[in-house]
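Student: Here's the letter readout for the chains.
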Amino acid sequence: MIINGVEIEDTFAEAFGMKVSRLIITALEPAWAKRAAAAVSGFATSVIACGVEAAMECEIDPAHTPDGRPGVSVLFFSVSTKELEKQLPRRIGQCVLTCPSTALFSGMDGERQIGLGGKIRYFGDGYQMSKVINGRRFWRIPVMDGEFLCEDTTAVCPAVGGGNFLIIARDQRTCLHACDAAAEAIDPIAGVIAPFFGSATRSGSKVGSKYKMLSASTNEAFCPSLRTVVGSELCDGDGAVLEVVIDGLNADLVRQAMRIGIEAVCRLGTAGGIRKITAGNYGGKLGQYHFRLHEVLA
Amino acid sequence: MSGIELTLRHPYAGILDASAFLPERLFSLSTAAIEQIEVDVGGQKEALGHFFSVSAIESDRLVIQGPVMNSCRWGAEMSCGRLIVECDVGDEVGLGLRGGTIEIRGNVGSHLGCGMRHGSITVSGNAGDYVGAPSLGQRRGMRGGIITIEGNVGQRAGDCMRRGTIIVHGDAGDYLAARMIAGTIAVCGRVGKQAGALMRRGTVWAPQLQPASIVSSFSSGQRVQIPHLALWYRWLASIDTRFSHWAHAETYAHRWLGDAAVQGLGEFLSPIAA
Numbered sequence: 088m089i090i091n092g093v094e095i096e097d098t099f100a101e102a103f104g105m106k107v108s109r110l111i112i113t114a115l116e117p118a119w120a121k122r123a124a125a126a127v128s129g130f131a132t133s134v135i136a137c138g139v140e141a142a143m144e145c146e147i148d149p150a151h152t153p154d155g156r157p158g159v160s161v162l163f164f165s166v167s168t169k170e171l172e173k174q175l176p177r178r179i180g181q182c183v184l185t186c187p188s189t190a191l192f193s194g195m196d197g198e199r200q201i202g203l204g205g206k207i208r209y210f211g212d213g214y215q216m217s218k219v220i221n222g223r224r225f226w227r228i229p230v231m232d233g234e235f236l237c238e239d240t241t242a243v244c245p246a247v248g249g250g251n252f253l254i255i256a257r258d259q260r261t262c263l264h265a266c267d268a269a270a271e272a273i274d275p276i277a278g279v280i281a282p283f284f285g286s287a288t289r290s291g292s293k294v295g296s297k298y299k300m301l302s303a304s305t306n307e308a309f310c311p312s313l314r315t316v317v318g319s320e321l322c323d324g325d326g327a328v329l330e331v332v333i334d335g336l337n338a339d340l341v342r343q344a345m346r347i348g349i350e351a352v353c354r355l356g357t358a359g360g361i362r363k364i365t366a367g368n369y370g371g372k373l374g375q376y377h378f379r380l381h382e383v384l385a
Numbered sequence: 225m226s227g228i229e230l231t232l233r234h235p236y237a238g239i240l241d242a243s244a245f246l247p248e249r250l251f252s253l254s255t256a257a258i259e260q261i262e263v264d265v266g267g268q269k270e271a272l273g274h275f276f277s278v279s280a281i282e283s284d285r286l287v288i289q290g291p292v293m294n295s296c297r298w299g300a301e302m303s304c305g306r307l308i309v310e311c312d313v314g315d316e317v318g319l320g321l322r323g324g325t326i327e328i329r330g331n332v333g334s335h336l337g338c339g340m341r342h343g344s345i346t347v348s349g350n351a352g353d354y355v356g357a358p359s360l361g362q363r364r365g366m367r368g369g370i371i372t373i374e375g376n377v378g379q380r381a382g383d384c385m386r387r388g389t390i391i392v393h394g395d396a397g398d399y400l401a402a403r404m405i406a407g408t409i410a411v412c413g414r415v416g417k418q419a420g421a422l423m424r425r426g427t428v429w430a431p432q433l434q435p436a437s438i439v440s441s442f443s444s445g446q447r448v449q450i451p452h453l454a455l456w457y458r459w460l461a462s463i464d465t466r467f468s469h470w471a472h473a474e475t476y477a478h479r480w481l482g483d484a485a486v487q488g489l490g491e492f493l494s495p496i497a498a
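Protein sequence lines correspond, in order, to chains A and B.
Just so you know, we're using our numbering here: the first sequence kicks off at 88 and counts up by one.
Just so you know, we're using our numbering here: the second sequence kicks off at 225 and counts up by one.
Just so you know, the hints here were simulated from the structure itself, not pulled from any lab data.
This structure is a prediction, so every number in the text was calculated from the model and none was measured.
A couple of the hints might just be wrong.
[Unchecked claim] Only some residues are given here: those of chain B computed to face chain A with a beta carbon under 7 Å: (1) T346; (2) P451; (3) A454; (4) W456.
Yeah, the Cβ is synthetic: ideal placement off N, Cα and C, and Gly gets one too.
Kindly generate the complete structure, drawing on both the sequences and the hints.
Tutor: What follows is the structure, encoded as structure tokens:
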């Protein structure tokens, strides 16, 4: 398949079943809500070492937030409910509770609930209060700018993580511009995030390593500097590769985000230095979701 | 499910115990079987049919046509369905209510919603003392659900209340929220004396609150921002259009904390402009 001169390799992205929770952070001013979102989704690029993959999903108009203040939605993906249950209170306690004027709400419904405010209420040292409004319990924790309002629990739902495509370009600058185009295209889609900053990572990995203590290591087949010494996937003139990683609430959203992202990159075309689009997989043996690029773009 | 209407045939002497008049019980019986149910009136057992005519109606409700002022325990331990009483009733309406809806289109006596756990009770008139308080022999009051009273309530509304919501559109009598453990009470009218006596936790929201109404062992009022009021106002507006002007109100309030004689984390909130 060729789009605007760019070859789309006949391969697939291998993605995994994950667990997701959506939180809504509100604040007195939009900037403070975004700061809290940036803090709580920091160091959350990959479940390999961060525990969760997280990013801001979208800004929310005050008319649509629970407390009528400016807000943002943040999606958190993890490999298990247990891991989310461990990570969320820790991140909220250090990044949202600490951020002036913020309040925190669950942003999705689901049967499985994990603790939020119920876990961090003890910061109130006995002065915390709970309030049940319309069947939902909230914790009011006294802090130095007033009260931190935090919903007691949030829902956890099944999701899909690890959708991806690789951009092979003439050089690093071209590849960066392509990632910017992909990020801009994917950003408006609700229900998906690209957990790496700028949507892309340069350290695409393979499973395992020659060193026993590592579970993942560099994907040498896509390293331009090793092209002549390993079984490379790159050709002459391929100067840089970046991987766009996508997590979504379901497979359809991941598929949609991949298609829109790849189309945005292909619009730059060979004239813009884009040489090829491919995808990362592990031979199809690890992930339950296989997104074939030709089918995604059909 | 077809509904049932019970219409009083003639006045009776004594207090009628209405705890047998439950939608979930009556809807599973035939009209003839309903008429055979034994009812306690003034300590005497009589067949229900002796006092009420029974008829099927086109709805999913149990409707009572009175007058049955000398009656008690309407909807006691009710778990589902909709009970409508079209007249004044006596004490202990909704005693230990576990679900469903009770509508009283008149006034009610004391101990409304005592020990209730879930469901809702609406009273179009006034209610007596001890709304949402513990049922006799119990230490804790209502544990969930919502009670809405269009008129006034008597003394000790929310006494030992553990959870749930009471909304009073009129005035509240003395000792409002006394010994309250948790939950929320809204009083749109005036509040009587000694409010909050021995209150441990919980919230009373009262726009017309006068500081003199609150028991003296509360803290002095201070102006604070209460974030959860935004949610509270929106919820109030969603359940009753009379609260719609609160939907986007500021979340500042005068707040009194107490009762310092006990745990001291109960609060009275009187909203103010930013």
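Student: Does each hint fit the structure? Answer for all of them.
Tutor: A quick look at each hint next to the structure:
For T346 of chain B, the shortest C-beta to C-beta distance to chain A is roughly 17 Å, which exceeds 7 Å, and the interface hint is violated. Interface restraint check: P451 of chain B against chain A, minimum CB-CB distance 4 Å, threshold 7 Å, status holds. Hint status for A454 of chain B relative to chain A: holds, with the closest Cβ pair at about 4 Å, below 7 Å. Given the 7 Å rule on beta carbons, the hint for W456 of chain B holds: about 6 Å separates it from the nearest Cβ of chain A.
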